[in-house]
Amino acid sequence: MVEIRNKIFRLCALLCVCAAMCMSAKTASAQCGLALKDEVMKDIIGKATYMKDFRVRLEPATNSKKQKEEFSILLNKGTHYRFNVKADSSCTDQIILKLYDFTKFYGSNYDESDGMSYDSFDFFCGKTQVYYISLSFAQGREGCAAAVVSYIGNY
Numbered sequence: 067m068v069e070i071r072n073k074i075f076r077l078c079a080l081l082c083v084c085a086a087m088c089m090s091a092k093t094a095s096a097q098c099g100l101a102l103k104d105e106v107m108k109d110i111i112g113k114a115t116y117m118k119d120f121r122v123r124l125e126p127a128t129n130s131k132k133q134k135e136e137f138s139i140l141l142n143k144g145t146h147y148r149f150n151v152k153a154d155s156s157c158t159d160q161i162i163l164k165l166y167d168f169t170k171f172y173g174s175n176y177d178e179s180d181g182m183s184y185d186s187f188d189f190f191c192g193k194t195q196v197y198y199i200s201l202s203f204a205q206g207r208e209g210c211a212a213a214v215v216s217y218i219g220n221y
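Numbering follows our numbering, with no gaps: position 10 of the sequence shown is 76.
It is worth saying that the hints were derived from the structure and are not from the lab. Hints may be right or wrong, so weigh each one.
To be verified - Cut-off 30 Å, straight-line C-alpha distance, at most; resulting in silico cross-link-like pairs (DSS-like, lysine-lysine):
| hint | residue 1 | residue 2 |
| --- | --- | --- |
| 1 | 193 | 143 |
| 2 | 131 | 143 |
| 3 | 131 | 113 |
| 4 | 164 | 108 |
| 5 | 164 | 132 |
| 6 | 134 | 170 |
| 7 | 113 | 193 |
| 8 | 131 | 118 |
| 9 | 170 | 118 |
| 10 | 164 | 131 |
| 11 | 134 | 164 |
| 12 | 132 | 170 |
| 13 | 103 | 132 |
| 14 | 170 | 193 |
| 15 | 118 | 132 |
| 16 | 108 | 118 |
| 17 | 170 | 103 |
| 18 | 118 | 103 |
| 19 | 193 | 164 |
| 20 | 193 | 118 |
| 21 | 113 | 170 |
| 22 | 113 | 164 |
| 23 | 193 | 134 |
| 24 | 108 | 143 |
| 25 | 103 | 193 |
| 26 | 103 | 164 |
| 27 | 143 | 103 |
| 28 | 103 | 134 |
| 29 | 170 | 143 |
| 30 | 134 | 108 |
| 31 | 131 | 170 |
| 32 | 143 | 113 |
| 33 | 103 | 131 |
| 34 | 134 | 118 |
These figures come from a predicted structure and were not determined experimentally.
With the hints as constraints, model all of the structure from the sequences given.
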């Protein structure tokens, strides 16, 4: 009887350790995004007004399917916006932010013609509507990234 209790106790202890490890992995992922957001925020201080941020942790691509996260945002006509992006320092891939709606692609920080990515790109909004933002890595590698949308001014 004592032997059975010891086995049950060990099993419960092992489950508690596993649960704690799973929770800490989620926390580490969240900290990765928050730390990156703070880094991106350094780039806009004094130059723009923070509006919204998007943080992602992407798994490696499987086969030919590239992993990406998509978000929606309402942007206003006659407004100049800036989109800043940054990938985690341990990531060797380039982060790609794309802005589009249901029918049209508006811009990206990534130039597919030469494979160059930039820390930011500006968007002069010509129509008030919901736009979509996708974040992915150029080569589909694993990593975390943050994007910040900021207000530059009206035109």
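For each hint, the structure was consulted:
Of the pairs offered as hints, the one joining residue 193 and residue 143 holds, with about 4 Å between alpha carbons and a cut-off of 30 Å not exceeded. Straight-line distance between C-alpha atoms of residue 131 and residue 143 comes to about 34 Å, which puts the hinted pair past the 30 Å bound. Annotation: proposed proximity of residue 131 to residue 113 is violated, straight-line Cα distance about 37 Å (limit 30 Å). Straight-line distance between C-alpha atoms of residue 164 and residue 108 comes to about 22 Å, which keeps the hinted pair within the 30 Å bound.
Our distance criterion of 30 Å between C-alpha atoms is met by residue 164 and residue 132, whose separation comes to about 14 Å. Between the alpha carbons of residue 134 and residue 170 the distance comes to roughly 18 Å, so the proposed pair stays at or under 30 Å and holds. Restraint check for residue 113 and residue 193: satisfied, since their Cα atoms lie roughly 24 Å apart, inside the 30 Å limit. Our distance criterion of 30 Å between C-alpha atoms is met by residue 131 and residue 118, whose separation comes to about 28 Å.
The straight-line distance between the Cα atoms of residue 170 and residue 118 is roughly 22 Å, inside the 30 Å bound, and the hint therefore holds. Among the hinted pairs, residue 164 with residue 131 is consistent with the structure: their alpha-carbon atoms are about 17 Å apart, no more than 30 Å. Proposed proximity of residue 134 and residue 164 is supported: the alpha carbons are some 11 Å apart, at most 30 Å. For the hint linking residue 132 to residue 170, the alpha-carbon distance of about 20 Å falls within 30 Å, and the restraint holds.
About 23 Å separates the Cα atoms of residue 103 and residue 132, which keeps this hinted pair within 30 Å; it holds. The hinted pair formed by residue 170 and residue 193 meets the criterion: a straight-line CA distance of about 12 Å does not exceed 30 Å. A hinted pair counts as satisfied when its Cα atoms are at most 30 Å apart, and residue 118 with residue 132 qualifies at roughly 25 Å. The straight-line distance between the Cα atoms of residue 108 and residue 118 is roughly 14 Å, inside the 30 Å bound, and the hint therefore holds.
This hinted pair checks out: residue 170 and residue 103 have alpha carbons roughly 28 Å apart, not beyond 30 Å. Distance check on the hinted pair: residue 118 and residue 103 sit about 10 Å apart at the alpha-carbon level, within 30 Å; holds. With a C-alpha separation of about 17 Å, the suggested pairing of residue 193 with residue 164 holds against the 30 Å cut-off. Proposed proximity of residue 193 and residue 118 is supported: the alpha carbons are some 19 Å apart, at most 30 Å.
Pair hint residue 113 plus residue 170 holds up; C-alpha atoms about 28 Å apart against a cutoff of 30 Å. Pair hint residue 113 plus residue 164 holds up; C-alpha atoms about 22 Å apart against a cutoff of 30 Å. A threshold of 30 Å between alpha carbons decides the hint, and for residue 193 with residue 134 the separation of about 26 Å falls inside it, so the pair holds. This hinted pair checks out: residue 108 and residue 143 have alpha carbons roughly 27 Å apart, not beyond 30 Å.
With a CA separation close to 28 Å, the supplied pair residue 103 and residue 193 stays within the 30 Å bound. For the suggested pair residue 103 and residue 164, the alpha carbons sit about 18 Å apart, so the restraint of at most 30 Å is met. With a C-alpha separation of about 26 Å, the suggested pairing of residue 143 with residue 103 holds against the 30 Å cut-off. Between residue 103 and residue 134 the CA atoms are separated by roughly 18 Å; this keeps the pair inside 30 Å, and the hint holds.
Our distance criterion of 30 Å between C-alpha atoms is met by residue 170 and residue 143, whose separation comes to about 16 Å. Proximity of residue 134 to residue 108 is assessed by CA-CA distance (about 25 Å); at most 30 Å being required, the pair is judged to hold. About 22 Å separates the Cα atoms of residue 131 and residue 170, which keeps this hinted pair within 30 Å; it holds. For the given pair, residue 143 sits about 21 Å from residue 113 by alpha-carbon distance, which is consistent with the 30 Å threshold.
As the CA atoms of residue 103 and residue 131 are separated by approximately 27 Å, the hinted pair is consistent with the 30 Å bound. At most 30 Å may separate the alpha-carbon atoms for a hinted pair to count; residue 134 and residue 118 meet this at roughly 19 Å.
Hint compliance for this structure: hints 2, 3 are broken, all remaining hints hold.
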